[in-house]
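Those sequence lines, one after another, are chains S and P. The numbering of the first sequence is the numbering used here, which starts it at 1 and goes up by one. The numbering of the second sequence is the numbering used here, which starts it at 1 and goes up by one.
Don't read these hints as lab results, they were simulated from the structure. These numbers were taken from a predicted model, which means no experiment stands behind them. Heads up, some of the hints might be wrong.
According to the in silico footprint, chain S covers these stretches of chain P (three or more CB under 8 Å from chain S) [as the list claims (entries may be wrong)]:
1) 45-56
2) 122-130
3) 241-248
4) 329-339
Partial list, computed: chain S residues near chain P (C-beta under 7 Å) [stated by the list, open to error]:
5) F43
6) Y66
7) I115
8) P120
9) M121
10) A123
11) V125
12) S126
13) T223
14) G301
15) V310
16) A380
17) N385
18) K386
We put the beta carbon where it would ideally sit given N, CA and C, even for glycine.
2 protein chains.
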Amino acid sequence: MSVVRPKGFVANGVHCGIKAGDALDLALVATADGQPVPAAAVFTSNKACAAPVQVSRAHLAASGGYAAGVVINSGNANAATGADGRSNAEHTCALVAEGLGCLETDILVCSTGLIGIPLPMEALVSGIEPLLRGRKGNEVFGAKAAEAIMTTDTRVKETLVGTGLLTVGGMAKGAAMLAPNLATMLAVLTTDATASAGELQEALRAAVDGTFNSLVVDGCQSTNDTVIILASGKAGAPPKGALAEALTLACADLAEQMADDAEGATKVATIKVTGARSADDARRAARRVAESQLVQCSLYGGDPYWGRIVSELGSAGADFDPDRVSVAYGGVVVCRDGVAAPHKEEKVRAHMEGRMIDVTADLGLGEGTATFLTTSLSPAYIDENKGTS
Amino acid sequence: MSVVRPKGFVANGVHCGIKAGDALDLALVATADGQPVPAAAVFTSNKACAAPVQVSRAHLAASGGYAAGVVINSGNANAATGADGRSNAEHTCALVAEGLGCLETDILVCSTGLIGIPLPMEALVSGIEPLLRGRKGNEVFGAKAAEAIMTTDTRVKETLVGTGLLTVGGMAKGAAMLAPNLATMLAVLTTDATASAGELQEALRAAVDGTFNSLVVDGCQSTNDTVIILASGKAGAPPKGALAEALTLACADLAEQMADDAEGATKVATIKVTGARSADDARRAARRVAESQLVQCSLYGGDPYWGRIVSELGSAGADFDPDRVSVAYGGVVVCRDGVAAPHKEEKVRAHMEGRMIDVTADLGLGEGTATFLTTSLSPAYIDENKGTS
């Protein structure tokens with residue numbers, strides 16, 4: 001169930017002292033021999049991106065799409081930390097590279113935690129040696145790495161997709177700015193498939209669009225969001241499309257775990273838009289509904305208030321005809337052609353009482369479809385995010 | 001303090017039975033003689049706009065920018081009600097027009113309340129005769145009208161701006177989808193100034209952009225939002241620019257009252273962006289910060305977490321340089337050139353404890369400035385919006 005299941009990888013997680021107590025706060029995923037393999041990444045598009053994002057992007061460009069390892073700290077985002085922040089991220093990479101015996105530009109770096117506070121380098125540096133020394137290729141160490149990247153996550157998030165021909169393993173934390181006190185959605189994936197950096201990038205981009213980029217908790221975009229994949233090539237070249245498919249399954253699994261563990265989320269809802277004029281319109285409409293604070297409040301209350309769904313669809317910027325829209329909860333149509341439809345209220349009520357809610361909106365205009373995951377907005381979310389201390 | 005203070009207008013508010021108990025739920029603002037005067041309006045851009053929005057828009061077009069009165073019901077939005085909804089809105093206008101002795105197209109109509117429920121026409125029709133019969137030009141009746149448009153508002157919202165040469169009066173309810181169970185932001189303004197429909201439209205659009213359109217509670221756009229102005233001409237033609245100025249003051253006053261009465265809002269914050277590359281960029285950036293669920297949570301907690309402000313600025317779609325941004329709370333700079341700035345924490349803490357919070361972000365890139373009003377996100381907001389019953 002982890003990043004070490006595909007052949008050719010090791011991992012570890014240790015406590016270096018960024019977090020209080022003895023919580024694990026420093027993680028490593030690396031190739032078993034410490035040498036670079038093809039790699040790809042998708043980073044936040046936030047212009048206020050954190051130092052580790054800037055450094056990882058530069059390293060991946062310098063190495064021509066190769067990496068030997070990823071070092072990740074939790075408890076501090078190293079964001080809004082200026083030139084010192086970049087130099088701290090560089091220094092972290094240099095120390096890991098020295099230990100692995102590769103180039104500094106072969107190391108990628110991620111951070112997750114509070115924004116605007118200098119990275120406590122003394123603590124971090126003290127953890128590098130034990131982190132490297134203890135790295136191993138068995139599940140226990142994969143789980144340690146997954147634990148060390150947690151912030152307000154309540155559960156470790158790992159995934160494994162095996163097709164017989166190739167294996168994709170992964171770990172992740174958070175969901176978008178879900179747990180923004182300790183910001184960031186991070187995911188590290190590994191595969192034993194043989195693939196070029198370009199093939200990896202293409203497959204990763206497609207997988208992310210349909211999964212992590214279709215998950216909304218609060219619509220906020222973190223300074224640190226990063227998804228990375230390394231490919232060891234130990235299993236040889238997969239059939240065309242197989243890697244992209246496995247990657248999408250792995251990312252979807254991690255995204256669902258994130259939604260399920262979203263802060264204060266009492267409900268997880270799938271928002272499916274069909275019948276849009278185009279796929280883009282469908283995405284716009286589904287995203288608008290998924291992001292709506294009001295829809296999220298209704299989900300929290302288990303209230304099938306379809307008027308809000310229609311209102312959000314109408315203001316999504318997608319083509320919309322108020323007389324053609326239909327809305328269903330759990331497959332029961334409650335609005336047809338823009339007006340209330342007679343339905344079995346008991347059936348809808350029962351569906352709304354569950355933890356997983358299905359909302360389908362048909363725009364009646366074309367063939368475009370899109371699906372987003374979202375969560376309920378609860379007082380616990382506010383409580384978690386009202387302060388940093 | 002009301003829509004009847006400018007000469008030439010009457011108003012009334014009655015209980016017709018849409019709301020429970022004896023709460024006022026039907027309002028009228030009309031010219032004293034029941035004859036049309038120049039009028040203008042700004043409507044929601046939501047494509048799922050309610051029947052009254054469709055009908056009012058059509059009436060204003062048919063009359064060439066004239067209106068004799070506005071009839072408004074609360075307790076039901078007449079939205080997502082299809083052809084029946086439009087016919088009900090038309091019928092309401094026809095009855096009012098008959099009573100006033102004007103054309104049906106001289107009457108504008110607004111509704112506010114739950115979406116997707118047929119308008120209870122029997123109740124509404126029963127209220128028209130007493131509504132018209134009791135209309136008067138004194139403050140008590142202006143206040144009745146203002147009360148009859150309330151939904152979850154806790155206070156009547158009225159304004160009066162007099163310049164000596166002209167008077168603008170107004171009443172409003174809600175704030176955007178602030179009180180979305182009983183949706184809608186509505187405002188009706190009157191003036192005794194002489195102005196053409198075109199001049200009114202131009203002045204109203206400018207006033208709305210800088211006030212109601214710069215107020216964010218939850219970023220949701222109602223199906224029913226409407227702002228209307230009628231000009232009696234009793235005070236003659238004002239000097240150039242005077243009407244626009246008075247209208248902006250009146251709208252700003254109403255917008256501030258809305259923010260102050262926003263549901264569950266424990267804090268009201270002014271988000272000012274300066275130094276943007278352009279005015280458009282400044283608006284984009286200020287809106288993004290104002291809409292942020294996370295920033296609103298920080299406001300609720302009174303927590304000066306500037307990292308979230310920077311993160312939202314970076315993802316606003318405006319030009320942004322992470323090394324040039326500064327952020328201040330209550331005039332105290334807490335972030336300079338993108339990193340934490342030493343400051344008097346006690347002074348910031350004292351500012352954050354107040355009800356009104358000032359956030360200023362300077363992007364350091366140009367001369368563009370913009371200001372938005374926003375509110376804290378509190379558990380009370382969720383509680384208010386989790387269900388419709």
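Against the structure, the hints come out as follows:
no. : hint    : verdict
1   : 45-56   : holds (count 5)
2   : 122-130 : violated (count 0)
3   : 241-248 : violated (count 0)
4   : 329-339 : holds (count 4)
5   : F43     : 13 Å, violated
6   : Y66     : 27 Å, violated
7   : I115    : 3 Å, holds
8   : P120    : 14 Å, violated
9   : M121    : 15 Å, violated
10  : A123    : 18 Å, violated
11  : V125    : 21 Å, violated
12  : S126    : 23 Å, violated
13  : T223    : 5 Å, holds
14  : G301    : 3 Å, holds
15  : V310    : 5 Å, holds
16  : A380    : 9 Å, violated
17  : N385    : 4 Å, holds
18  : K386    : 3 Å, holds
Hints 2, 3, 5, 6, 8, 9, 10, 11, 12, 16 from the list above are not met by this structure, while the remaining hints are.
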